[in-house]
Every structure is written in C-alpha cells, then in structure tokens.
Amino acid sequence: MNTQSKDQTIVLEVKRGVGEGPSALQQYELPAEAAASLLDGLRWVREHLDDTLAVRYSCISANACKECMMLLDGKVVYACVARMTPGATHQVEPLANKARVRDLISEIAPVKERFERKEGTHE
Amino acid sequence: MTAEHALSRETDVLVIGAGGAGMSAALAASQAGSRVIMTDRSLVGRGGATIMAQMTVAVALGEQTPDDWRHHYADTLKAGRGLCSEPLARLLCENGVDAIRQLDSWGVGWARADDHLAQVHAPGHDRPRCVYVDYLNTGPAVAKTLRTQVAQNGEIERYGDLLIVELLVEQGRVYGAVALHLTSGKPVVIRAKSVIIATGGLTRLYRRNSASLNMGGDGYALALRAGARLIDMEFVQFFPIGHLAPRLVGFDPIMWDPFRYKLGGRLLNGNGEEFVEKYGHAGEAQGYTITRDAATYAILKEVEAGRGSPAGGAYLSFQHVPEATLRKAFGPIIDKLAANGIDLTKAPIEVAPIAHYHMGGIRVEVDMSTDLPGLYAAGEAVGGANGANRLSGNAITEAVAFGMQAGRSAAARAVDAAQLDEDQAFALAAPVLSRLAAAPQADRSINVAALITRLQALMHDHVGPFRTEEGLQHALSELQALKAELGDALPGDGGPQDPVRLDALDLHNMLLVAEAVTRSALSRRESRGAHQRDDFPGMDDAWTLNQTLAFRNGQWRLESQQVQHLETPVDVPATDSTAYQSQA
Chain A
1210 MNTQSKDQTI VLEVKRGVGE GPSALQQYEL PAEAAASLLD GLRWVREHLD
1260 DTLAVRYSCI SANACKECMM LLDGKVVYAC VARMTPGATH QVEPLANKAR
1310 VRDLISEIAP VKERFERKEG THE
Chain B
47 MTAEHALSRE TDVLVIGAGG AGMSAALAAS QAGSRVIMTD RSLVGRGGAT
97 IMAQMTVAVA LGEQTPDDWR HHYADTLKAG RGLCSEPLAR LLCENGVDAI
147 RQLDSWGVGW ARADDHLAQV HAPGHDRPRC VYVDYLNTGP AVAKTLRTQV
197 AQNGEIERYG DLLIVELLVE QGRVYGAVAL HLTSGKPVVI RAKSVIIATG
247 GLTRLYRRNS ASLNMGGDGY ALALRAGARL IDMEFVQFFP IGHLAPRLVG
297 FDPIMWDPFR YKLGGRLLNG NGEEFVEKYG HAGEAQGYTI TRDAATYAIL
347 KEVEAGRGSP AGGAYLSFQH VPEATLRKAF GPIIDKLAAN GIDLTKAPIE
397 VAPIAHYHMG GIRVEVDMST DLPGLYAAGE AVGGANGANR LSGNAITEAV
447 AFGMQAGRSA AARAVDAAQL DEDQAFALAA PVLSRLAAAP QADRSINVAA
497 LITRLQALMH DHVGPFRTEE GLQHALSELQ ALKAELGDAL PGDGGPQDPV
547 RLDALDLHNM LLVAEAVTRS ALSRRESRGA HQRDDFPGMD DAWTLNQTLA
597 FRNGQWRLES QQVQHLETPV DVPATDSTAY QSQA
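Top to bottom, those sequences are chains A and B. Each residue of the first sequence is one higher than the one before, counting from 1210 in this note's numbering. Each residue of the second sequence is one higher than the one before, counting from 47 in this note's numbering.
Simulated from the structure, these hints should not be mistaken for lab results. In this text, all values refer to a predicted model and were calculated from it rather than measured experimentally. Hints may be right or wrong, so weigh each one.
As the list claims (entries may be wrong) - DEER-style ranges, computed between Cβ atoms:
no.: 1; chain 1: A; residue 1: Leu-1234; chain 2: B; residue 2: Ala-331; range: 56 to 66 Å
no.: 2; chain 1: B; residue 1: Asp-144; chain 2: A; residue 2: Gly-1283; range: 44 to 54 Å
no.: 3; chain 1: A; residue 1: Val-1285; chain 2: B; residue 2: Pro-615; range: 53 to 63 Å
no.: 4; chain 1: B; residue 1: Gly-153; chain 2: A; residue 2: Val-1285; range: 27 to 37 Å
no.: 5; chain 1: B; residue 1: Gly-377; chain 2: A; residue 2: Gly-1283; range: 30 to 40 Å
no.: 6; chain 1: B; residue 1: Asp-539; chain 2: A; residue 2: Glu-1222; range: 32 to 42 Å
no.: 7; chain 1: B; residue 1: Ser-480; chain 2: A; residue 2: Ala-1308; range: 23 to 33 Å
no.: 8; chain 1: A; residue 1: Lys-1275; chain 2: B; residue 2: Thr-614; range: 39 to 49 Å
no.: 9; chain 1: A; residue 1: Glu-1325; chain 2: B; residue 2: Ala-535; range: 26 to 36 Å
For glycine and all other residues, C-beta sits at the position ideal for the given N, C-alpha and C.
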C-alpha cells in the first residue's frame, strides 16, 4: 500500500454487542474505494474481514427498504446513502432509541409485526 | 436447545413472504374467511422486490388508448418466445385488470393526465399500457398501499424477522413450516392447512443484481426440498441498462428505465456509436423499443468486441435532452443526481446488464396449486407465465393477480383440509429443529459472506447472460466445491440475529437453486430469450418446450413437457391501429 492510499484508509469504529449485554468497540480499516457509502463499507468488512458483524438491510442501495438506519458519528443515517470520507475515522453505532438486537441491528419492526416469544411454547 | 424450546403456532393459511404477492395472497385468503399468518424474513412490505419497482405496471386498462387484455396477452406470449404457459399468461393479463384497478381504489396514486390514468409505452408492448407512480415511486406506493390494507384488515397475523427454514411435509402433503425467529434465534413450528410461497426470485445469485438481499431463491429451495417441481429455471432475466458508473448512492440500479420511457435517451458503445441496429433492432431514433433480452445481448456483444464503455458496459446519453425537459419529467430526481455529481446534460452515464428477475420458478396450475397438496405459490416465485423473457411491467401485475388467486385457492382448501396436531408437527419438524440446535463450531476458518460473493461471481461469469457447455460444467463442479467448503453443519452461535448462521442457511439454499439453474441451462442446447448459449446460437423449434426439475432423495430429475396451451385459444381482436398510434 503506498503512502497516498494509506492516507485514504477509512476507519470504522463499530460499537458491538448482543441485546442488553456488554458493548465493545471494534476497529476495521477499509480501502477508500471499498466504501462510497457506509453500507458499502460494512458489506466489505463482512466479506473481507469479519462475517460476524451483524448489519441489517434489504434493498442494498435503493434507499427503498429503510432498514439500514444506524448512527454515524452520532447522527441517524441510512447506511446506504451516508457517504464516507477517505482518510477519516467514523463512529458507527446502533440506533440509540431502539432496543439493540445485535451489533448494528435494532428492533425496528412495528410492534404489531413482532413475533412474541412468550406465547405458545411447545411443552 | 431441544425441541421443547421451539415455539408453536397454528393457522389456516401460512403465507411466506410479505412483498406484493404475499400481501395480496394474505388479503385474499383472509377475505375468503381463513385465519392467516404472513411471515417475512425482513420487514413486512419492505424486504421484497415489490418496493424496489421503479416505474412500470403493465395492464390493459385502456385509459391512455383503447386496449383489451387480449392485446396484452398477445404481447406477453410474443415476448416469452413461445414458452409462456397460456393459462398463466391469461390469468396475468385478464385478472391483472381488476387487480390494478383494486390498487387504484385503495389509493395507490397512479399518475394521471387529462382526467385519465397515464400509461407509458414500454418496449415489447403494442401500445401505451404501463401505469406508474411518480417519481420512481411505483414500488414504494404499491407496497405501502398493500401494507395499509393488511393493517386495516385487522385479522391477518403478520410477522417480520421470521425466516422460514423448511416446510413440514408428510407423504407428499404440506402441513406447515419450521421458522427461525431471527430476533431471538428461536425456532418456531407453524402448522397450516395451506402454505403459500411468495418469496420472490433468485437474483441474489448474481454479482450484479437489481434486487433485494432477500431474493436468494429461498422459496425455490423450500419447494425443491419438499418435493415440488420447478419449471423454466434456465431463464434469468438480465436488465440491460443497470447503472454501472459513476458510483451513485441512494438509487436503485434500474433507475434509468423510467428515463428511457419518458425521454428516450441514446444507447451508445464505447466509441460513441449507436449499435442496437447492428443486431437487427429498430434504431434508437425510433424510440425506446428494444426488449430486455435483445438489449442485453447487444450490449454484451459490443463489450466482447472491445467496444465497451470504460467500466465495461455501454453509454446511455441524455445530452440531447434540454434541461427544462429533464426537470419537467424528473424534478427532484435531477437534484439527487446533482448531489452525486451527475449532470445528464453534460455527460453520459454508463450502464450494463444486471440480474433482475426470474422467469422460472415453482410449477403451478392456474389456481396456483403446486404438485404437492397444501402447497401454493404466487408472484415471481411462480414459473411459466413469462416464458423465456418477461415483458416490462408484468412483474407487479403478476404479483398482485397471482397473489390474490393463491390466497383464494389456499383458503378454499383450508376449509376442510386436515391439520396436524402439535405432537405430530413436532415429530415431523424434529430433524430441522436438531439441525438448528447443533452445537456451534469452535474454530471456523471460512468466511460465509465471502463464499456467497464467490458464488455470485461464479454464476455471473458462467451462468449469466452468455453460457457455454464448458462454462456450465465448470460452474457445476465449482458449486460442489463451494458446498464442500460450507459443510453441512450450521456455523454461528445461533443467537439473536446471528449473521453467520443466516448467511449459511442462505448459502445452502442458494447453492441448491444455483444448481437448478445451471443444470437446466446445460440441458437446453439452443438460444432463446434470456438463455443465450454461445455454443448453440439461435432458436431451435425442437426446443419449444419447458424443462421441469425436481430434487428427490438427493437426485436431480430433469424432464421436459409440452408448453401449456389453452383448450380454447384466446381470440385476440384485430388492432384498430389508428386508435392509438396517433397518441403513442
């Protein structure tokens, strides 16, 4: 990697954890060309560095499904339209006002569309 | 985890998938008196392909110009290159009229002009026939309208984040399904008298695609493993002018189609020359008339000949269109493009074919029943209506019309079909439950997400728009290699939203379905519509038949059948050409 492209490296500092359990920050370094958008970058991380990183999205880049909401540097964004700055370190976290399921995935389904666990267990 | 921890549900009709077809099916089944559970692996009404539709919905409403469903039917058969099931194509075109009017009455907001619904003239149609919602908002509007109807219905149980893993089958009959509740990681056994697969297509098998993450062919895999037959699996539609460069964020790659409908545009090769005429099609000056299979072929042949655009596709230019005209047609979209550094008056963009839709799918009768009692399919999951190539605009019409039919049929069966009791269902589910409960592997060397990427590259390069015996054989052996690398056991911790386990479940399905496509493509030694064999160019009349495929006891069974014709052919009315050509 030459100096110029090293300077262009994007660093994602991702807040990770499951449910109400402990959180940890994990850093991923990406080449600038891997991430025009935050979602590009997270998908690149999953394919190249760490497939255990949980991210939710459906439509990939059309900004139609509205599932990829998360916090980027403290602001609520759709990951598919949030642009990355080459050379920058970005903080990435799950939504602050929704229950965390895992890593960047929050419980965003309307209440009536959630499958409740408590009923109907087979005994 | 043991079976005792699995959750249990019971209903009349289980609808798998909550896109346009699934929501239409759920509504129809509920209206017919059935209790309905509708599930989606993502969010209800958001995760499917419907919400991604940019513009056209083809249906013979006769609002823009006189029309009749039989003209639409004739165009659909013609586009299908001789392979459409006539009963299914008829259902699409005839029932589509009421289905799309129904959406209108529910307030979807089809664009209007001069006191009638506006209809545009899409390639392959003989007249303006496609309704739409501005701007590029057709899919979101259809999805929202159906979501609202489902919510207002009040009776339909609907669950997001519930992935159907396997159908419950005994002696060839379907009795429900086993699901994985992604939010908790818990399995769920759902008993149902009728099950409708409405999971969409398989475009995720390809590196460049226009569809959602969820279009990995799950429904085809569920049907195959249950013992149902698939049909026409070799016919994967590539959308010719998917966005290629420069990088755009926040747009669907099929977005340029509406621009073509409204503004024409010029397709140019890397040398800036028009080229579709060289391949025997009307030139770009005649308007946007070239069908998807033909345009895909022409673009890729230019690239192959070294006349591609820099990024490996073709140029699409709107430089001849005045800015005021662009603004009138696409107002806010022009500003979004400017934010991406794109000014259509100054430079062309680059486009290339991307996987878009699957003509093939689960084989059904005209009532949407499959070979297995209790199992139905709807929407893109169904094969046969569109033959070897789908007309622009037929997908949403198919989703709603087939969905409503499947819902009615499934409800009718549920009236007196037997339901398993809970113990019977859990006994049937036991192998799946133990598979989901398997202990996590401690050291894992494979990255499953990377394996999926490898599968997508393999399919794109060897089972894509151009195919050869050698490439298809290579694909078959690589699919086996990928299967071996993935292994049988499910990796991941199996906890809430475990992405590794989800990828592995998906990849198992994708590999099975990829093999179905590859085997069908290998067998068809001719070129027709979306299936182009470099080693067998041109259509061969002897191949005017449909291939069907089953997977039983680990063996593939490929067969062929005569194309389904109606007992009484549709009497297509003579076209009164003066009635519409002046407006076309």
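We went through each hint and held it up to the structure:
Between A:Leu-1234 and B:Ala-331 the beta carbon distance is about 58 Å. The supplied range of 56 to 66 Å therefore holds. Roughly 50 Å separates the CB atoms of B:Asp-144 and A:Gly-1283, a value that falls within the hinted 44 to 54 Å. In this structure the hint that A:Val-1285 and B:Pro-615 lie 53 to 63 Å apart at CB holds, the actual value being about 57 Å. In this structure, B:Gly-153 and A:Val-1285 meet the distance hint of 27 to 37 Å, their C-beta atoms being roughly 29 Å apart.
Between B:Gly-377 and A:Gly-1283 the C-beta distance comes to about 32 Å, which sits within the given range of 30 to 40 Å. At roughly 23 Å, the beta carbons of B:Asp-539 and A:Glu-1222 sit outside the given window of 32 to 42 Å. Checked against the hint of 23 to 33 Å, the C-beta distance between B:Ser-480 and A:Ala-1308 comes to roughly 30 Å, which is consistent with it. Judged by the Cβ atoms, the range 39 to 49 Å given for A:Lys-1275 and B:Thr-614 holds: they are separated by roughly 47 Å.
Restraint check, A:Glu-1325 to B:Ala-535: a C-beta distance of roughly 30 Å satisfies the suggested window 26 to 36 Å.
The structure fails hint 6 only (numbered hints given earlier).
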